[in-house]
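Peer 1: The primary structure of each chain is shown beneath.
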Amino acid sequence: MTPDDQDLVQARQRHRAKVTAILLLAFVVLMFAITIAKMAVGK
Amino acid sequence: MTSIPLASTTPITASARDLFALTKPRVMSLVVFTGLCGLLAAPGTVNPVLGFTAVLCIALGAGAAGALNQWYEADLDAKMKRTAQRPLPAGRMERDTALHFGVGLAVFSVLLLGLATNYLAATILAVSILFYVFVYTVWLKRRTPQNIVIGGAAGAFPPLIGWAAATGDVSTLPILLFGIIFLWTPPHFWALSLFVKTDYANAGVPMLPVVAGVTTTRRHIALYTLPMVAAAVAPWAMGLTGWIYGGAAIALNAVFLVLAFAVLLNRATDPSAMKPEKRLFAYSILYLFALFGALVADRWLIA
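Residue numbers (our numbering), protein chains in the order written: chain A, 1 to 43; chain B, 1 to 303.
Heads up, some of the hints might be wrong.
Label pairs and their in silico Cβ distance ranges [said to hold, decoys possible]:
| # | chain 1 | residue 1 | chain 2 | residue 2 | range |
| --- | --- | --- | --- | --- | --- |
| 1 | B | Pro227 | A | Val29 | 37 to 47 Å |
| 2 | A | Lys18 | B | Leu257 | 43 to 53 Å |
| 3 | B | Pro227 | A | Ala26 | 40 to 50 Å |
| 4 | B | Leu99 | A | Ala26 | 23 to 33 Å |
Far from chain A by the CB rule (all over 10 Å, computed), these chain B residues [what the hints assert, rightly or not]:
| # | residue |
| --- | --- |
| 5 | Ala16 |
| 6 | Gln85 |
| 7 | Arg95 |
| 8 | Ala212 |
| 9 | Ala254 |
| 10 | Phe261 |
| 11 | Trp300 |
Derived from the structure by calculation, the hints contain no laboratory data. The beta-carbon is built from N, C-alpha and C at its ideal position, and this holds for glycine as well.
Input sequences plus hints: build the corresponding full structure.
Peer 2: So this is what it looks like as structure tokens:
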């Protein structure tokens, strides 16, 4: 793997890691909101 | 996206953008819209969080089906100009990545929908994903020119899912909404396949224009438009919707009929002279958005 290839792969991995972190955080917020909503509608 | 050519020994790390492209976001927009309309047209009110989650799950399920479709069809996509730049045929992603992403997203979307709304909606979502992947993509697409006639059912499920998510059951109106999209799919896709016929022929996909010729396809477009018009007007004729939907359905379907008739009269075989086909294809997208938009307007403004 050339240094250019390595840089590209690492940049993509960093970006995917950030996106995954954001999505996980959003999932936690969504699950909390769903729980509250289900309690509110009494199901 | 800029891509540096990687040596064959270099592991390919797909970018987040490529994973997103795998979900066919443009197709997803129509799926999300019709699912949302099914949810909003249902009687009663839905908790906004649960409604949002239902639409999100419909979008994720559609994305999963799109990803699995691209995983299975990478060889076909590579042969067609329209699809050659997708992440898999362009070599920007490993096949296993697409498979794992698609399966993961499918399981996640079904489980989340079941948890947030009800198991009927989750079951219909699961059926729609499995139908698109196994019945349309794996079984029908490469075998029969009727592929999109039967396969069209896969794209018709979203309003049914939205309705089921809101009410927990399925009644006549959502079944009619299913029927409208099911019957809309053939004229929509055949109009497209007429002017990208060479692409399909090169890839060996037995689309109707490739197998039966352009004249037969044009006749089929006109023929299939008739039951679609009947299905689109039926909710109003059966008293399930009000005059807003009825008026919009009559006007939109009248234009659809005129454009389908123009396609029937066209004799061109060169894609550059297929303006009626291109016009019908573009209008068919607008038609579905407007028809379902009218359904929601009717439900919220009249009710």
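Peer 1: Would you mind marking each hint as holding or not holding in the structure?
Peer 2: Verification of the supplied hints:
Here the CB-CB span from Pro227 of chain B to Val29 of chain A is close to 45 Å, well matched to the stated 37 to 47 Å. Roughly 50 Å separates the CB atoms of Lys18 of chain A and Leu257 of chain B, a value that falls within the hinted 43 to 53 Å. At about 42 Å, the beta-carbon gap between Pro227 of chain B and Ala26 of chain A stays in the expected band of 40 to 50 Å. Checked against the hint of 23 to 33 Å, the C-beta distance between Leu99 of chain B and Ala26 of chain A comes to roughly 24 Å, which is consistent with it.
Not every Cβ of chain A is farther than 10 Å from the Cβ of Ala16 of chain B; the closest lies at roughly 4 Å, contradicting the non-interface assignment. With a minimum CB-CB distance of about 18 Å to chain A, Gln85 of chain B clears the 10 Å threshold, and the non-interface call stands. Every CB of chain A is more than 10 Å from the CB of Arg95 of chain B (nearest about 17 Å), matching its label as outside the interface. Once the 10 Å rule is applied to beta carbons, Ala212 of chain B is consistent with being away from chain A; the minimum gap is 45 Å.
Against the 10 Å criterion, Ala254 of chain B stays outside the reach of chain A, whose nearest CB is about 42 Å from its own CB. Non-interface call for Phe261 of chain B relative to chain A: holds, since the shortest CB-CB distance, roughly 48 Å, exceeds 10 Å. The beta carbon of Trp300 of chain B sits about 20 Å from the closest Cβ of chain A, which is more than 10 Å, so the claim that it is off the interface holds.
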